[in-house]
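Protein chains: 2
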Amino acid sequence: MDSIFADRIHDVPKSFIREILKVTLNRDVISFAGGLPNRDFFPLQELKKSTDHVFEKYGKDILQYSTSEGFNPLRHYISNRYKSNDGLEVPIENILITNGSQQGLDLLGKVLLNRGDGMIMEEPGYLGAIQAFSMYKPEFYPVPVNEKGMDIQLLKETLLKSSPKLMYTVPNFQNPSGISYSEDNRQKVAELLQSTKTMVIEDNPYGDLRFMGEKKTSFKTLLPSQTIMLGSFSKTVIPGFRLGWMVAPENIMQKLIIAKQASDLHTSHFTQCIIYQYLSNNNIEEHINKIRDVYGRQCRAMLTAIDTYFPKDVSVTKPEGGMFLWATLPTGMSALKLFEIAAEDNVVFVPGDPFYVNRTNSNTMRLNFSCVDEATIKIGIERLGKAIKKLAAKNKS
Amino acid sequence: MDSIFADRIHDVPKSFIREILKVTLNRDVISFAGGLPNRDFFPLQELKKSTDHVFEKYGKDILQYSTSEGFNPLRHYISNRYKSNDGLEVPIENILITNGSQQGLDLLGKVLLNRGDGMIMEEPGYLGAIQAFSMYKPEFYPVPVNEKGMDIQLLKETLLKSSPKLMYTVPNFQNPSGISYSEDNRQKVAELLQSTKTMVIEDNPYGDLRFMGEKKTSFKTLLPSQTIMLGSFSKTVIPGFRLGWMVAPENIMQKLIIAKQASDLHTSHFTQCIIYQYLSNNNIEEHINKIRDVYGRQCRAMLTAIDTYFPKDVSVTKPEGGMFLWATLPTGMSALKLFEIAAEDNVVFVPGDPFYVNRTNSNTMRLNFSCVDEATIKIGIERLGKAIKKLAAKNKS
Numbered sequence: 007m008d009s010i011f012a013d014r015i016h017d018v019p020k021s022f023i024r025e026i027l028k029v030t031l032n033r034d035v036i037s038f039a040g041g042l043p044n045r046d047f048f049p050l051q052e053l054k055k056s057t058d059h060v061f062e063k064y065g066k067d068i069l070q071y072s073t074s075e076g077f078n079p080l081r082h083y084i085s086n087r088y089k090s091n092d093g094l095e096v097p098i099e100n101i102l103i104t105n106g107s108q109q110g111l112d113l114l115g116k117v118l119l120n121r122g123d124g125m126i127m128e129e130p131g132y133l134g135a136i137q138a139f140s141m142y143k144p145e146f147y148p149v150p151v152n153e154k155g156m157d158i159q160l161l162k163e164t165l166l167k168s169s170p171k172l173m174y175t176v177p178n179f180q181n182p183s184g185i186s187y188s189e190d191n192r193q194k195v196a197e198l199l200q201s202t203k204t205m206v207i208e209d210n211p212y213g214d215l216r217f218m219g220e221k222k223t224s225f226k227t228l229l230p231s232q233t234i235m236l237g238s239f240s241k242t243v244i245p246g247f248r249l250g251w252m253v254a255p256e257n258i259m260q261k262l263i264i265a266k267q268a269s270d271l272h273t274s275h276f277t278q279c280i281i282y283q284y285l286s287n288n289n290i291e292e293h294i295n296k297i298r299d300v301y302g303r304q305c306r307a308m309l310t311a312i313d314t315y316f317p318k319d320v321s322v323t324k325p326e327g328g329m330f331l332w333a334t335l336p337t338g339m340s341a342l343k344l345f346e347i348a349a350e351d352n353v354v355f356v357p358g359d360p361f362y363v364n365r366t367n368s369n370t371m372r373l374n375f376s377c378v379d380e381a382t383i384k385i386g387i388e389r390l391g392k393a394i395k396k397l398a399a400k401n402k403s
Numbered sequence: 007m008d009s010i011f012a013d014r015i016h017d018v019p020k021s022f023i024r025e026i027l028k029v030t031l032n033r034d035v036i037s038f039a040g041g042l043p044n045r046d047f048f049p050l051q052e053l054k055k056s057t058d059h060v061f062e063k064y065g066k067d068i069l070q071y072s073t074s075e076g077f078n079p080l081r082h083y084i085s086n087r088y089k090s091n092d093g094l095e096v097p098i099e100n101i102l103i104t105n106g107s108q109q110g111l112d113l114l115g116k117v118l119l120n121r122g123d124g125m126i127m128e129e130p131g132y133l134g135a136i137q138a139f140s141m142y143k144p145e146f147y148p149v150p151v152n153e154k155g156m157d158i159q160l161l162k163e164t165l166l167k168s169s170p171k172l173m174y175t176v177p178n179f180q181n182p183s184g185i186s187y188s189e190d191n192r193q194k195v196a197e198l199l200q201s202t203k204t205m206v207i208e209d210n211p212y213g214d215l216r217f218m219g220e221k222k223t224s225f226k227t228l229l230p231s232q233t234i235m236l237g238s239f240s241k242t243v244i245p246g247f248r249l250g251w252m253v254a255p256e257n258i259m260q261k262l263i264i265a266k267q268a269s270d271l272h273t274s275h276f277t278q279c280i281i282y283q284y285l286s287n288n289n290i291e292e293h294i295n296k297i298r299d300v301y302g303r304q305c306r307a308m309l310t311a312i313d314t315y316f317p318k319d320v321s322v323t324k325p326e327g328g329m330f331l332w333a334t335l336p337t338g339m340s341a342l343k344l345f346e347i348a349a350e351d352n353v354v355f356v357p358g359d360p361f362y363v364n365r366t367n368s369n370t371m372r373l374n375f376s377c378v379d380e381a382t383i384k385i386g387i388e389r390l391g392k393a394i395k396k397l398a399a400k401n402k403s
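So the sequences go chain by chain: G and D.
With the first sequence counted from 1, adding 6 to any position gets you the working numbering.
With the second sequence counted from 1, adding 6 to any position gets you the working numbering.
Hints are computed from structural coordinates only; laboratory data are not their basis.
It is possible that part of the hints are untrue.
Same chains, same label: a pair holds when it works inside one copy or across any pair of copies.
[Unchecked claim] In silico EDC-like pairs for lysine to aspartate or glutamate, Cα to Cα no more than 16 Å straight-line:
1. Lys143 / Asp13
2. Lys66 / Asp46
3. Lys392 / Asp190
4. Lys154 / Asp319
5. Lys384 / Asp313
6. Lys400 / Glu99
7. Lys222 / Glu326
8. Lys54 / Asp67
9. Lys392 / Asp351
10. Lys89 / Glu291
11. Lys66 / Glu52
Isolated chain G, as found in the complex:
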């Protein structure tokens, strides 16, 4: 019966994270495994008010079928914010509203990827992107990232041995590692990609959540005609509406709109109107500042606790924003095995494996700090430190 399936659906990784989340339903468990924004900041009352407003203002218009491109006032809002916050000129014709940025990944795979096309992925890289693109069977070329950004030497070698059509990158506070590309690194990456005409997919769901350091230049500025941008309201307003967007050059946008039509006609008009109303009636920058402050405090609390409770041979990244940091255990220590021990001690995280195109028993792990308060972070990291020591002792014996 298995022959009924398309080849593309074989070997698409199941979301390991969703499996892990089942463990965390136990209330005694401290979870650094989630990838969720902190619900304390969901603007429930404001959204309720915006919803009332939208019912009042648009009536039945919000309930009918709508355009595939998205709600024009929302597209204008996004265009204006690119201008004021990033100095980028993005006409609304180049903006498509999607069901979260995840749908942007799927549409790009659909429109751009033939089987076997080369695609550079960050290593470690965003699980959801690996999953979405896997459907279209590209040849993945993983290039390692470090605290400065992409490994330039390895990128150069990869570009020499292949001619990848696309590169997928989360240059700000990457998921899973929390790292950001430095200005210098962005310049070098852009120079290399310019010569090979590789298109850059710049996914920036966390960009607004910077709690340290200086804002960096978008690849859109460095490689204007080669860059596609993805954005999302999931991390700054709410995830449950499933609203994101993509920005692409005109020729690609035309095809993306056809793919969007074929995929689901259009994104819910109702939720687009509500979020637009919310963004118009509230000070979103103030709102984001509050999130930034708390995530920054929680990140610092996690780093301090790690410094206290983890063995010194565990290294961690120092994020300037976002929701995650990344720990590397001593060589040979399996994060999957650590997960088992830690779960017994009521603390969980995501072992690194699913963030690689092809690797098992990696010695890395993702720690989320957006959803756990400072006191709990301290307790959880203490437990995790003990678990690491237990595993190290076990490995020695």
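With chain G's structure known, arrange chain D on it following the hints.
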């Protein structure tokens, strides 16, 4: 620069209907071109009440990320309705909530279609399905439908010369033709497909909108393990939320959930909660009855007007439900040319071409009766009758 694109995106038909809809923005134009449900029946106040209720009852829970499968109470509701209305046992594990049934088509293409796989399509067939499946480059085998259902002889011949993996069908009040498969026709189709193990995709967005005749047996009853069902709230409640569902056997459902995750993680949790609340607090059967009555009256008004104003050599279908009927002009008369003449006289429809996998200048056209009141239908059909006569005279001269 065109080489950037994936092969699959070439030749995917653009939605011709969306182009046509631009003409109809002129208020003097009577449009039989739309495919929209009648907004008079959108339950605005009830949905507003349900939305308030949902904010009250679930608070921030409706705003967080959720499960790919969909909101469980809504899946239970769908399961129960299959039981009470159709006598079908559909466990919720076999139900996936999608962004309208259009997304169901896309996910099925993704999970089931390899390039070149055989797929039987009704001729004429649903444009959105042709578009969605085209992305996955199957080999389409169009089989004509008539007032009794599928042409059995031609289906038999098609099955002999190929072994199609899938058949796509809208057996109730088909879009675009308005025809329904008779009981006898369904039996014969099912018998043939059982022998070839072809999977049936039964799309049933209009099933509830029967205004004449008897309810017919689902392919799910006739071919339980070979049938996938698609459903939608777009035609009975509202389209703007983009909510539909699919029912599939367990092994296929597992892959569909992975494809759904990769496509957009999950459908908006917020709108799922609202529609569930609406369905729980209102008498939906009574609501649907009202829609049925009006669509039935409008369909009869259209048929009566056609009888009065169209030349006798134009034939039309007699729908028992749904939103469309289908007219066939005398052989050699182009519906595209008729469109030009009719648009000048301020009446529009959809020429048949986009409903065929590969045909131009067909002599057929789709007429929508859901959105135009009886008096306007009479005026519009009179105008259209005159346009047909004008074109016939032109063709003769």
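Of all the hints numbered above, which does this structure not satisfy? Sort the numbers upward. Structure breaks hints 3, 4 and 6.
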